[in-house]
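Engineer: In the numbering used here, the protein residues as written are 54 to 450.
Since the hints were made in silico from the structure, they are not lab data. Treat the hints loosely; a few may be bogus.
[To be verified] Computed Cβ-Cβ distance ranges for the label pairs, DEER-style: (1) Arg212 x His370: 33 to 43 angstroms; (2) His129 x Pro185: 14 to 24 angstroms; (3) Ala96 x Pro185: 43 to 53 angstroms.
[Unchecked claim] Each computed SDA-like pair below joins lysine to any residue, with the alpha-carbon atoms no more than 25 angstroms apart: (4) Lys284 x Arg312; (5) Lys337 x Leu204; (6) Lys104 x Arg152; (7) Lys284 x Pro316; (8) Lys284 x Leu224.
Backbone N, C-alpha and C define an ideal beta-carbon position, used for all residues, glycine too.
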Amino acid sequence: VGRSWWTTEPPPPPKMWSEWPGPLAWPSHSVCAAAVLYLGLVAVVLRIVVKNRNLINQRKEWGALPSDKWAAWERHDTPITAVEFMHLLLCALLLLPLRLMVGIFAFLAYWFALTILGLFTKGVKQSKPLSPTILRVHRFIGRAATRLLLLALGVWRIRRFGQRPNNLTNLTILCSHASWLDIIVMMSEAMPSFVAKEAIGAALGVGYMAKFANCIFVLQTQAKGQSDLIKERQVAMAAGDVIYPPLLVFPEGTTTNNRCLMPFRTGALRTPVRTQMVYLHYSKERFSPTWEALPFAVSLFGILTQWSTVVEVHYLHHYAPGALDTTNPKRLANHLCQLMSQTMNVDVIETSYLDKLDYFEWIMTNSGVANLTKRPSPEEEELLGSPTSRGVKGYKD
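Kindly produce the complete structure, drawing on both the sequences and the hints.
Structural biologist: Following this line, the structure appears as structure tokens:
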């Protein structure tokens, strides 16, 4: 006799995790392996960040800096206390994997979009400018991808001050330089080509995107030819026959701690073109995003394990073509540097890239860590200017 419709039977008991099929079973090999890899990644990241931040904090125990010129690269991170370590641990456990996945997705989406547009080969191997239509599409896609990437890096908010130019084509942007984040921030703002050191081109993700944008990579020691590359691009931009994306230039030539400016170089101040001055400021929460005395991996993980980072983009003075007197580039560079310094209320420290290398060597020598920074040859040092920090008290050759 069939069961009546009103007959009820108790539901079957839920299966234990160990009875679940395939990789969902607990504790299956795949779940255990994923957990071990995840915890291992967190442990490695924490070790790298804590070790290097402690190294920077130990520097304060060595007394005053042997040279005032080294103040441009002093870090001011929050010391690693028990509370700070718990903050790092929670961010590493909860935020790090999510941010890595979002960042990888943004990069792959941008890469896929460039491939669809046919920009994969042109952006990397050719210097020919893009057509106006492709340029606009590339700018839209690039800005969307870089903003998603900034979100993955914890930059949830960008504060803008001043008036951003409506027409960004055939424009030179002179921007302060404090972090590798500068490039991503400005790409989200204007999607420019830029001039930067080769280390940026080798940076993970950021350098690959920069190559797509047909950027100009130079060495600090490659004085000959560097200005010629910039001038060649600016002359073509000034002619106006072809539409170019804005050219982003870091006139300081290297990064600082975002609390001062270095003297401007003259490479981008030899051609009368439209010029926009920009100053970037980072509001530090616990870990400063500036990139002056840390390896790239440490800086990246430090930012990824911080809850948030706020960026301020200050659009300063805008100059029409011919408004700047380029007959004396050195005088013009000093004038613009002082103008940015007074506007943003930051000091100008008379220092150089060679002083930065000396500061690195001093840090590594006193901490007992091998210094892997490659120093320029004597001929290259002559191009950069004599190292003013050598021979100061407390410096070890």
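Engineer: Checking each numbered hint in turn, tell me which of them this model violates, lowest number first.
Structural biologist: 1, 2, 4
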